[in-house]
Structure formats: C-alpha cells, structure tokens
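Build out the structure end to end from the sequences listed, making use of the hints.
There are 2 protein chains.
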Amino acid sequence: MVDQTLLPAKYKLIECSSIECLCEAISSLRVRGAPAIGAAGGFGIALAGVLSHARSMEALINELKQAGDMIISTRPTAVNLAWAVNRVLNATMDAYNLESIRDIVLHEALAIADEDAKLNKKIGINGAKLLKDGDMVMTYCNAGRLACVDWGTALGVIRSAVEMGKEIQVIACETRPLNQGGRITTLELMEDKIPVTLITDSMSAHVMRCKKVDCVIVGADRITQDAVFNKIGTYTLSIVANEHDIPFYVAAPVSTFDFINMENDIEIELRNPDEMRFMAGTQIAPLDVNVYNPAFDATPMGYVSALITENGIFKPPLLLEEVTLNH
Amino acid sequence: MVDQTLLPAKYKLIECSSIECLCEAISSLRVRGAPAIGAAGGFGIALAGVLSHARSMEALINELKQAGDMIISTRPTAVNLAWAVNRVLNATMDAYNLESIRDIVLHEALAIADEDAKLNKKIGINGAKLLKDGDMVMTYCNAGRLACVDWGTALGVIRSAVEMGKEIQVIACETRPLNQGGRITTLELMEDKIPVTLITDSMSAHVMRCKKVDCVIVGADRITQDAVFNKIGTYTLSIVANEHDIPFYVAAPVSTFDFINMENDIEIELRNPDEMRFMAGTQIAPLDVNVYNPAFDATPMGYVSALITENGIFKPPLLLEEVTLNH
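One line per chain: the protein sequences are S and D, in this order.
Throughout the first sequence, residue numbering follows our numbering, covering 1 to 327 in sequence.
Throughout the second sequence, residue numbering follows our numbering, covering 1 to 327 in sequence.
Simulated from the structure, these hints should not be mistaken for lab results.
Hints may contain errors.
Because identical chains share one entry, a pair is satisfied inside a single copy or across any pair of copies.
Once the Cα atoms are required to be at most 25 angstroms apart in a straight line, the calculated SDA-like pairs of lysine to any residue come out as [what the hints assert, rightly or not]:
no., residue 1, residue 2
1, 12, 69
2, 121, 195
3, 132, 194
4, 10, 272
5, 65, 192
6, 10, 288
7, 118, 272
8, 315, 243
9, 193, 290
10, 129, 321
11, 212, 169
12, 211, 226
13, 212, 77
14, 10, 303
Structure (structure tokens):
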C-alpha cells in the first residue's frame with residue numbers, strides 16, 4: 001500500500017506481513033478512506049489465513065475471526081471495514097477443508113478489491129450526469145483513488161465527467177487536522193491534470209459567496225437512514241452549501257449504507273489530541289491544551305441533495321430497500 | 001513586541017528600530033490583531049520622527065507621511081492601522097516647531113496604546129452582561145491581549161465575565177492557515193486559567209449540534225454598515241451559529257467602524273500561497289498547487305446578533321451615528 005501519511009512529499013510503498021502491522025497502518029491512516037480500508041480489512045483476513053499454523057478448520061476460522069475483531073476495532077465509525085471483514089469471514093462457510101479456507105478468503109478479498117474499482121466507475125458514470133460542462137465543484141477530504149481501490153467516489157464522479165469531455169474545476173478543502181484534502185486530493189487531481197485550487201476548510205462559505213461554486217461532492221464512511229457520517233467538517237460544509245443554495249452530493253457505494261442503525265446508534269471515533277497539537281512533528285498548540293478531536297461528524301439527511309451510488313442517484317428521504325435494488 | 005509567529009513554542013521579544021523592520025513585522029504577522037497593529041502603526045510614526053534628519057517642519061511631516069503610507073500599505077483590510085497612523089499624523093497640526101512634532105507623534109502614539117487598553121476593559125464590561133454563569137463560548141482566531149494592547153476584545157469580554165465571578169468555558173477554533181486560535185488564544189486563556197478546548201475550524205457545526213454552545217464571540221478588523229470583516233472563516237462560523245440558533249457576537253472598538261465604505265468597497269488582502277503549502281517549514285501540500293488565500297472574509301450584518309463596543313451593545317441594522325455617540 002501507499003503510505004498516505006507521507007504524501008505529497010514522499011511516495012513510499014509499505015508491505016504488511018502481520019495483522020499488527022496492518023492494524024497500525026489502518027489506525028494511523030497510512031491506509032485510509034472507507035472503501036480502501038474495507039479492501040485492506042478483507043486482505044487482512046487473507047493474510048491471517050496465510051500466517052496461521054492452525055491444524056483444524058475450526059481453529060483456523062477462530063483465528064480468522066480474532067484477526068477480524070482486531071482489524072474492525074481499529075476504526076469503529078466507517079462501515080466498510082466491518083462489512084468487508086465480515087464478508088470475507090462469511091465466505092468461509094463454503095470451505096470444505098483447511099486449505100480451501102485460505103483460498104476462499106484470498107479470493108473473496110480480491111473480489112472486494114476488484115468490485116470496488118468497478119463500482120466506483122459506475123458511481124462515477126451515474127454522478128457525472130449531475131455535472132455540467134464548466135462546473136466548479138467543491139470537495140472535502142479525499143474520496144479519490146487513494147481512498148478506494150481505484151477511481152474514487154467523489155473524485156470518481158469528477159473523473160467520469162472529465163472523461164465524458166466536460167471541463168470541471170475543483171476546489172479542494174484542506175481537511176484538518178490531517179489535511180487529506182490538501183495533501184492527497186490535490187495530488188490526485190494534479191496527476192490527472194484536472195484544475196484544482198486549495199482552500200482552508202474555513203474558507204468554504206466565503207468562496208461560495210464570492211465565486212461560482214456549482215455543487216459540493218463528498219464521500220461517506222457510513223450512511224444511515226437519517227445521516228451521512230463522513231470526515232469531521234462535512235456537516236459544516238453541508239450547512240454553508242445549503243445556505244448558498246448549492247447542491248450537496250454524497251457519493252458512496254451501497255456497502256457504505258447501514259440498514260440497521262440510526263445516527264444515534266453510531267460511535268464517533270475520537271482520535272489522538274496530538275494530531276492537533278503537532279503538524280508533521282512541529283508544535284502548533286500548547287503541549288497540554290485540551291483538545292476535542294472526533295474523526296467524523298454526522299450530516300442529517302435533510303442537508304443532502306442526493307446520494308450517488310452504483311445503483312443510481314437517490315434523493316432523501318431514503319428508502320433503503322430502493323437503494324439496494326440493482327438497477 | 002512579542003514575535004507572535006513563534007508562539008506557543010517560543011516567547012521572543014523583538015525590537016523594531018526602522019520602518020522597514022516594523023513593516024516586515026506587521027506583514028509577516030509578528031504583530032497582528034487589528035488594535036495591536038493600530039498601536040504598532042502609531043508608534044511607527046513616532047519612530048519615523050526619531051529617525052528623521054529633516055531640518056524643516058515641512059520636510060519632517062513629509063517623511064512622516066511617507067512612513068505612514070509604507071505602514072498602511074502592509075495590510076489593506078484592517079481599518080485600525082490606517083486609523084491610528086492618520087490620527088498620529090493629524091496630531092502634528094498642533095506642532096509649533098520641529099522638536100514639538102517629535103513629541104506630539106510620540107505622545108499621540110502612547111495615547112492610542114493607552115486608550116486601547118482602557119477601551120477593551122469597557123468592551124469587556126459591556127459584553128460580559130451577555131454571558132451567563134456556566135456559559136460555553138466559542139471564539140475564532142485571536143482577539144485577546146496579544147491582538148490588542150491589553151485585555152482583548154472578544155477574549156476581553158470573556159475575561160471581564162470571569163472577573164465578575166462567572167464560570168466561562170471556551171472553545172477555540174484553531175483558525176487556519178496561521179492557527180492564531182490554536183497557538184495564541186489557547187495560550188492566553190491557559191495563562192489566565194480559563195478552561196479552553198481546541199477544535200479545528202471545520203468542527204464548529206458538529207460541536208454546536210452535539211455539545212452546549214451558548215454563544216460565539218469574535219473580534220473584527222473592519223466594520224462597515226453592511227458587513228463585518230474579520231479573519232477568514234468568520235463568515236462560515238456565523239452561518240453555522242445562525243443555523244443552530246446560537247447568538248453570534250462581534251466585539252470591537254469604535255475605531256474599527258468604517259463610516260464611509262460599504263462591503264463592496266473594501267479590498268480583501270490576499271496572502272502568500274505558501275502559508276497553505278507549508279506549516280512551520282514542513283510541506284503539507286503539493287509545492288506547485290494552486291492556492292486561494294484571502295486573509296479575511298465579510299460576514300453580512302444579517303448574521304450578527306450584536307456588536308459589543310466601548311459605547312455599548314448595538315444590534316443590527318446599525319445606525320453608525322448611534323455607535324459613535326459616547327454613552
């Protein structure tokens with residue numbers, strides 16, 4: 001995997017040969033983005049299969065489940081991680097002997113990664129219909145190929161529109177405290193030669209008021225019937241978009257939807273306060289200052305203009321049965 | 001002056017013995033905050049008087065005016081800088097000989113600094129009436145003693161409320177891209193043992209929705225009849241406060257009011273893009289990424305619940321004549 005914490009200054013590939021290494025990579029955001037950590041979680045179970053010395057099917061499956069618990073616990077809010085881990089674990093039900101378990105989990109992990117890239121292309125094609133030639137699109141955090149397996153969700157929509165021949169300009173919010181927008185979204189778009197301008201998160205309303213912004217597109221880490229969980233700051237952005245009558249779109253695969261829980265059931269991950277006291281090793285706040293550092297927020301569905309999925313575009317209020325129907 | 005760019009890691013005093021040094025200190029934000037740069041500008045004219053070798057009153061006044069132009073041009077948006085420089089220059093009209101000019105400009109600069117501290121105390125006492133015991137106050141950027149000569153405007157209101165025996169907790173937004181909130185507001189409040197929690201700017205709406213926030217208080221760099229110019233991000237914060245029915249207060253001395261211009265007449269300073277590509281010398285975005293970096297935004301008066309001044313509290317729509325009346 002690309003170590004995303006080092007971007008854009010350094011492009012470094014890392015290899016995880018233990019579950020601990022993978023868990024560290026997920027929790028420290030070396031790999032991040034809901035679909036990407038889903039894929040990484042799936043491969044984690046495949047890795048656990050390879051590493052295991054278990055001599056019975058039962059013992060191996062128990063080890064895989066333990067690895068799954070470890071992996072899932074690294075990040076509680078994004079649904080794709082648990083979804084992918086459980087999908088790979090469930091696939092072992094078809095196993096007939098010890099070795100077939102190892103084959104099945106690797107096969108299923110590869111299938112998740114492969115499907116994700118294809119789903120993103122479908123999301124892109126569906127969403128691109130919402131973009132007109134010449135549009136200025138604001139985005140938040142990174143919902144690009146580095147957040148997924150390829151193409152991206154929010155950036156996938158932009159890429160598909162560009163591929164269709166539409167001229168699209170992007171405004172990327174830097175996305176504090178870990179600057180995935182400033183570090184990664186800018187990099188991806190510049191690599192693709194899609195014009196991008198970096199702003200601080202706080203500038204969103206000023207830019208909407210003073211410049212042409214045609215829509216906002218963000219990704220999602222979990223979508224319940226009543227709210228979209230995404231990178232902290234998404235809710236603020238949705239409010240200012242609504243205030244300026246700018247459509248606010250969420251692009252995500254159906255695997256991001258949580259059909260069981262409502263907003264209030266979901267735990268929001270609190271991250272290390274030092275993420276806000278230091279920036280790349282440099283002190284930027286008093287060392288002992290009290291910090292509140294949630295990784296996500298919930299945007300009530302009333303602020304969402306439409307959800308862009310591989311199954312089509314859905315406008316709230318959501319009928320979850322409709323979303324899962326394969327169109 | 002304290003070099004505010006080095007806070008909180010380093011407390012260093014700097015001395016400016018040339019106008020160039022002072023201008024560099026103002027434009028690089030070693031000294032910042034509308035009232036503080038006003039005072040610094042005033043002392044700049046006094047410094048020009050000391051440095052001058054002029055042998056006629058006319059020549060000296062011309063040199064002072066040139067120094068004034070240089071100082072004013074460092075930061076075009078904040079009104080206090082031009083206001084203070086012009087006040088010191090205008091005071092020379094009472095001069096009767098060469099040496100008296102030097103005395104008058106120093107005296108006037110000292111008066112501005114002295115008045116500012118007193119005005120802030122009045123602003124604090126007026127604004128403290130708006131705060132209840134136990135209130136949670138959100139603030140943005142730094143409108144504290146380091147932004148002024150002493151006490152502060154927005155933080156002055158909080159300090160006065162605490163002095164009256166009210167328990168106040170503060171949420172400080174870090175204020176990208178130069179983190180005056182994270183670096184300076186936190187430091188000032190911790191020095192005063194006023195409880196403070198640091199958040200990223202993007203968290204404001206989430207915090208308002210999930211936690212108790214009783215009001216927002218910010219400072220101002222220029223107040224026209226139709227808008228408040230303050231640190232970029234203030235407008236975003238005003239929208240999310242309004243969305244959550246949380247009062248949005250602006251605390252500033254009457255010298256911040258611009259009775260002549262309207263919002264559209266005011267130039268918003270654009271700052272160096274590298275402020276967003278680097279953080280304390282570390283690269284945090286692609287080196288050649290396109291950046292939009294305005295220093296301020298305009299919050300339309302409709303989002304402002306009240307303006308807190310040394311002359312009392314005023315609710316928009318503003319009658320500027322009323323604001324200037326000494327109550």
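Quick rundown of the hints versus the structure:
Proximity of residue 12 to residue 69 under the C-alpha cut-off of 25 angstroms is found in neither arrangement, the shortest distances being 28 angstroms within a copy and 50 angstroms between copies. Taking identical chains as interchangeable, the C-alpha atoms of residue 121 and residue 195 lie at most 25 angstroms apart only when both belong to the same chain, with a minimum of 21 angstroms there against 49 angstroms between chains. In this homomeric assembly, residue 132 and residue 194 come within 25 angstroms of each other (Cα to Cα) only inside a single copy, at 15 angstroms, whereas the closest approach across copies is 51 angstroms. Proximity of residue 10 to residue 272 under the C-alpha cut-off of 25 angstroms is found in both arrangements, the shortest distances being 23 angstroms within a copy and 24 angstroms between copies.
In the homo-oligomer, the alpha carbons of residue 65 and residue 192 never lie at most 25 angstroms apart, since the shortest distance is 40 angstroms inside one protomer and 51 angstroms across protomers. Within a single copy, residue 10 and residue 288 get their C-alpha atoms only as close as 30 angstroms, which misses the 25 angstroms cut-off; across copies the closest is 15 angstroms, which meets it. Neither within a single protomer nor between protomers do residue 118 and residue 272 lie at most 25 angstroms apart by alpha-carbon distance, with minima of 35 angstroms and 41 angstroms respectively. Taking the shortest alpha-carbon separations for residue 315 and residue 243, both the intra-copy value of 19 angstroms and the inter-copy value of 22 angstroms come in at or below 25 angstroms.
Taking identical chains as interchangeable, the C-alpha atoms of residue 193 and residue 290 lie at most 25 angstroms apart only when they sit on different chains, with a minimum of 12 angstroms there against 41 angstroms within one chain. In this assembly of identical chains, residue 129 and residue 321 lie within 25 angstroms of each other by CA distance solely inside one copy; the values are 23 angstroms within and 53 angstroms between copies. In this assembly of identical chains, residue 212 and residue 169 lie within 25 angstroms of each other by CA distance solely inside one copy; the values are 11 angstroms within and 38 angstroms between copies. Proximity of residue 211 and residue 226 under a CA criterion of 25 angstroms is satisfied inter-copy only: 19 angstroms between copies versus 31 angstroms inside one chain copy.
Taking the shortest Cα distances, residue 212 and residue 77 sit within 25 angstroms of each other only across copies (23 angstroms), while inside one copy they are farther apart (34 angstroms). In this assembly of identical chains, residue 10 and residue 303 lie within 25 angstroms of each other by CA distance neither inside one copy nor across copies; the values are 37 angstroms within and 43 angstroms between.
When each numbered hint is compared with the structure, violations occur for hints 1, 5, 7 and 14.
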